[in-house]
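**Student:** All chains should be built: construct the whole structure from the sequences, respecting the hints.
Sequence order for the protein chains is A and B.
Positions 10 to 155 (our numbering) are the ones given, in order, by the first sequence.
Positions 10 to 155 (our numbering) are the ones given, in order, by the second sequence.
There's no promise every hint is true.
Since the list gives no way to pick one copy over another, a pair counts as held whenever it fits inside one copy or between any two copies.
Heads up, simulated SDA-like pairs for lysine to any residue below, C-alpha to C-alpha not over 20 Å straight-line [to be verified]:
#, residue 1, residue 2
1, K75, P44
2, K115, G131
3, K115, R137
4, K75, A24
Worth flagging that the hints you see were computed from the coordinates, not collected in a lab.
Number of protein chains: 2
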Amino acid sequence: VRYYEDLEVGVTSRAEADHLVTEEEILEFGRRWDPQPFHTDPEAAAASTFGGLVASTVHLFALLTKLGMTDNELAAMSALGMTDLVNHAPLRPGDRVRHQSTVVEKRSSKSRPGTGIVVMRGMLVNQRDEPVFSAEIASLVHFRPT
Amino acid sequence: VRYYEDLEVGVTSRAEADHLVTEEEILEFGRRWDPQPFHTDPEAAAASTFGGLVASTVHLFALLTKLGMTDNELAAMSALGMTDLVNHAPLRPGDRVRHQSTVVEKRSSKSRPGTGIVVMRGMLVNQRDEPVFSAEIASLVHFRPT
Chain A
10 VRYYEDLEVG VTSRAEADHL VTEEEILEFG RRWDPQPFHT DPEAAAASTF
60 GGLVASTVHL FALLTKLGMT DNELAAMSAL GMTDLVNHAP LRPGDRVRHQ
110 STVVEKRSSK SRPGTGIVVM RGMLVNQRDE PVFSAEIASL VHFRPT
Chain B
10 VRYYEDLEVG VTSRAEADHL VTEEEILEFG RRWDPQPFHT DPEAAAASTF
60 GGLVASTVHL FALLTKLGMT DNELAAMSAL GMTDLVNHAP LRPGDRVRHQ
110 STVVEKRSSK SRPGTGIVVM RGMLVNQRDE PVFSAEIASL VHFRPT
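**Tutor:** This is how it looks when you write it as structure tokens:
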């Protein structure tokens, strides 16, 4: 578990776990939650500007959440909010993604002694180390017990 | 379809469609994408600060996307980004959510004549009209054809 003191601004860590994205998973998310042709129909997707099926942002958000849990073993009391979601590159069937996180900002909390606010940028990168999707997440993190 | 000229800053519209959130759906999302006890285990959730099962933010994001498509029939070329995700109140089994959207900001695009950038706040509200989850989404929207 990482405490407030263990987090250094500018430092990036990367999780070991990865996730293979299948066509079936892309279609399942798209058909249920984001029914646009480039998420739901391989033929229509091939004719679109994407040139093939791409994962919905809902799917990217789910992958960021799941893989982020294996990356950041933060001593966090709670997530405070999320902002600046960015799609960097399409995620396609057969791609493998991993999670990396960078400490963007940290400050001690005035209202809750013994905790600090830490802003991290979570990012999915593909098998070519290209950025796919990122978001900034603020969390309330405990100081190391003395 | 709504064009750039049809959107007025400060105006809120609400979709007719709603979505009944079941315990099964909350558990399915939680177990697969956000395995924390208050999303995955009814007994552990009852003993948590939430006092029962609550939907994962992944689930809220999926609902905002799906229900938002039935609300905003924008003449949009593309989504430019999403920011300021906020959890306002827990979403529990048996709740019904609807989508509403408010125009936050609009300006014509300098780089793409005939289009404008529109920022909307999308929000899920429950059956008691309480805010549950919101996000701001920027889109590139066409001017009305002349």
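**Student:** Is the C-alpha distance from K115 to G131 at most 20 Å within one copy, between copies, in both cases, or in neither?
**Tutor:** within (15 Å within a copy, 29 Å between copies)
**Student:** As a check of your reading, is K75 near A24 (CA-CA no more than 20 Å) within one copy, between copies, both or neither?
**Tutor:** within (11 Å within a copy, 30 Å between copies)
**Student:** Within, between, both or neither: how does the pair K75, P44 come out at a Cα-Cα threshold of 20 Å?
**Tutor:** Classified as between; 8 Å across copies, 22 Å inside a copy.
**Student:** Is it within, between, both, or neither for K115 and R137, if the alpha carbons may be no more than 20 Å apart?
**Tutor:** neither (30 Å within a copy, 37 Å between copies)
Hint check: a violation occurs at hint 3 only; the rest are consistent with the structure.
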